[in-house]
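> Please put together the full structure from these sequences, using the hints given.
Sequence order for the protein chains is A and B. Counting along the first sequence from 1, when you hit position 13 you're at 12 in numbering that gives the first Met the number 0, and nothing is skipped either side. Counting along the second sequence from 1, when you hit position 75 you're at 74 in numbering that gives the first Met the number 0, and nothing is skipped either side.
Because the hints were derived from the structure by calculation, they are not lab data. One or more of the hints may lead you astray.
Far from chain B by the CB rule (all over 12 angstroms, computed), these chain A residues [stated by the list, open to error]:
hint, residue
1, Glu14
2, Lys60
3, Ile62
4, Pro63
5, Ser96
6, Tyr117
7, Leu135
8, Ile161
9, Ser165
10, Pro168
For the chain A half of the interface with chain B, some residues (derived, Cβ under 8 angstroms), not all of them [claimed, not checked]:
hint, residue
11, Ala29
12, Pro69
13, Ile72
14, Leu180
15, Ala183
Backbone N, C-alpha and C fix where the C-beta goes; we use that ideal spot for every residue, glycine too.
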Amino acid sequence: MKKCWERIYNGLLKENPVLVLMLGMCPALAVSTRAMNGIGMGLSTLAVLVLSNLVISLLRKAIPDQVRLPAYIVIVASLVTVTELLIEAYLPSLYESLGIYIPLIVVNCIILGRAEAYANKHTPLLSVMDGIGMGLGFTVALTLAGLIREVLGNGTAFGMRILPESIEPIGIFIQPPGAFLVFALIIAVMNAIGIKTRQRQLVEKDCDGKCATCAMACDNPEAKKGGEQA
Amino acid sequence: MNSLIMIIIGGALINNVVLNQFLGICSFLGVSKQMKASASLGGAVIFVITIASAVASLLYDYVLAPLGLDFMKTIVFILVIAALVQIVEMFLKKTSPAVYKALGIYLPLITTNCAVLGVALTNVQNGYNFIECVLSGFGTAVGYTIAIVLLASIRARMNEKDIPAPLRGAPIVMIAAALMSIAFMGFGGLSF
Chain A
0 MKKCWERIYN GLLKENPVLV LMLGMCPALA VSTRAMNGIG MGLSTLAVLV LSNLVISLLR
60 KAIPDQVRLP AYIVIVASLV TVTELLIEAY LPSLYESLGI YIPLIVVNCI ILGRAEAYAN
120 KHTPLLSVMD GIGMGLGFTV ALTLAGLIRE VLGNGTAFGM RILPESIEPI GIFIQPPGAF
180 LVFALIIAVM NAIGIKTRQR QLVEKDCDGK CATCAMACDN PEAKKGGEQA
Chain B
0 MNSLIMIIIG GALINNVVLN QFLGICSFLG VSKQMKASAS LGGAVIFVIT IASAVASLLY
60 DYVLAPLGLD FMKTIVFILV IAALVQIVEM FLKKTSPAVY KALGIYLPLI TTNCAVLGVA
120 LTNVQNGYNF IECVLSGFGT AVGYTIAIVL LASIRARMNE KDIPAPLRGA PIVMIAAALM
180 SIAFMGFGGL SF
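Here it is, written out as structure tokens:
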């Protein structure tokens, strides 16, 4: 039981997928224009992640190693299609505002990343908990960014006006540049208070030096040298 | 004719795939460390997205839509893209080893680039015909290349600067991207 809670803590804080692992940045930047969108996207991803972790963990002995990635992609794509149809049927307004980013959950690196790094090595129960933890971490990060952008850019929080009308909202925050800016500042604050993102942990420990395949925007001069050779 | 030009320019500049629609952010932030790698990746992306949009468009118009299998498009497109990248890789290896060597590792990585699937799905959503799909794919990919090459050159200059400690690494790169994004918003006024 302790291990299950540890998984959730891990996903929420220690290895928060967006803010620490820097995975799934595309949907995070794109849908965080409103706090509600962040929750919607976060929970949709959570649902897909929990189910895909469960299915992959159950099938981990049945799927041959060589074809595991195509197999995972098919599993995830089917789950995403089901989720998309469900959202379209029951939450049409959310479907409208998330748009193309719902089918794009398929290529969200968090999902394949967790399948590869966790679910294919662990029991179904732990994999489900891992999915819940990671999904919640994703939801929290998106909602936080969405809230900041909504308050600054629109003067509202979860659709309710909180800033008085006399204060002109800063429109740029709900436009694309605001997404980059808000995430940059959240990560900078985390760096400043000592929660290290994985790229900084890598810089301090050691990385494999293969910068070309690495998604981290690290500033490791040693690694850069290795990367150029490779 | 004008509308076709508009599709290319719209894809490349006005609705820039990275700076405006946030597709392909992972490789945008990750690979832009090196100028040469960015240019190679850009080339590979132009190649793959153009072909993938063409194939996806044909598949949708002649297989999925007539059979009423519209809802299968996500699954079909992602498998087509994965297979396509493999085929393109094998084809290039045989016919032009020089290009293959230049693209190197970036070719297989493109499968997980959400820009490819994103463009294919957007094309279908907009109801584009075959030619429009190919042009929009090409324009989008050119936009991706412009953005990543620009960011790579900005980062090359940033390397020598004294950046405050908490902003080092990802944050400063994203701030640079935010400024680029503001600049690209200026293209919004463009029309023919």
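> Each of the hints needs a verdict: does it hold here or not?
Now for the hints, and whether the structure bears them out:
Every CB of chain B lies more than 12 angstroms from the CB of A:Glu14, the least distance being 16 angstroms, so the non-interface label holds. For A:Lys60, the requirement that its beta carbon stay farther than 12 angstroms from each beta carbon of chain B is met, with the minimum near 24 angstroms. No Cβ of chain B approaches the Cβ of A:Ile62 within 12 angstroms, the least distance being about 16 angstroms, so the stated non-interface status holds. The claim that A:Pro63 is not at the interface with chain B holds, since no C-beta of that chain comes within 12 angstroms of its own (minimum 17 angstroms).
Distance check for A:Ser96 against chain B: the nearest CB is about 15 angstroms away, which clears 12 angstroms, and the non-interface claim stands. Interface exclusion of A:Tyr117 from chain B stands, the closest Cβ pair being 18 angstroms apart, more than 12 angstroms. For A:Leu135, the requirement that its beta carbon stay farther than 12 angstroms from each beta carbon of chain B is met, with the minimum near 22 angstroms. At roughly 24 angstroms from the closest C-beta of chain B, the C-beta of A:Ile161 stays outside 12 angstroms, upholding its exclusion from the interface.
Even its closest Cβ contact with chain B, about 26 angstroms, leaves A:Ser165 beyond 12 angstroms, as expected for a residue assigned away from the interface. Even its closest Cβ contact with chain B, about 17 angstroms, leaves A:Pro168 beyond 12 angstroms, as expected for a residue assigned away from the interface. A cut of 8 angstroms between beta carbons decides the hint on A:Ala29: the least distance to chain B is about 4 angstroms, and the hint holds. Taking 8 angstroms as the C-beta cut-off, the interface hint given for A:Pro69 holds, the closest approach to chain B being about 7 angstroms.
The beta carbon of A:Ile72 comes within 6 angstroms of a beta carbon in chain B, closer than 8 angstroms, and the hint placing it at the interface holds. For A:Leu180, the shortest C-beta to C-beta distance to chain B is roughly 4 angstroms, which falls under 8 angstroms, so the interface hint holds. For A:Ala183, the interface hint holds, since its Cβ comes within 8 angstroms of a Cβ in chain B; the closest pair sits about 4 angstroms apart.
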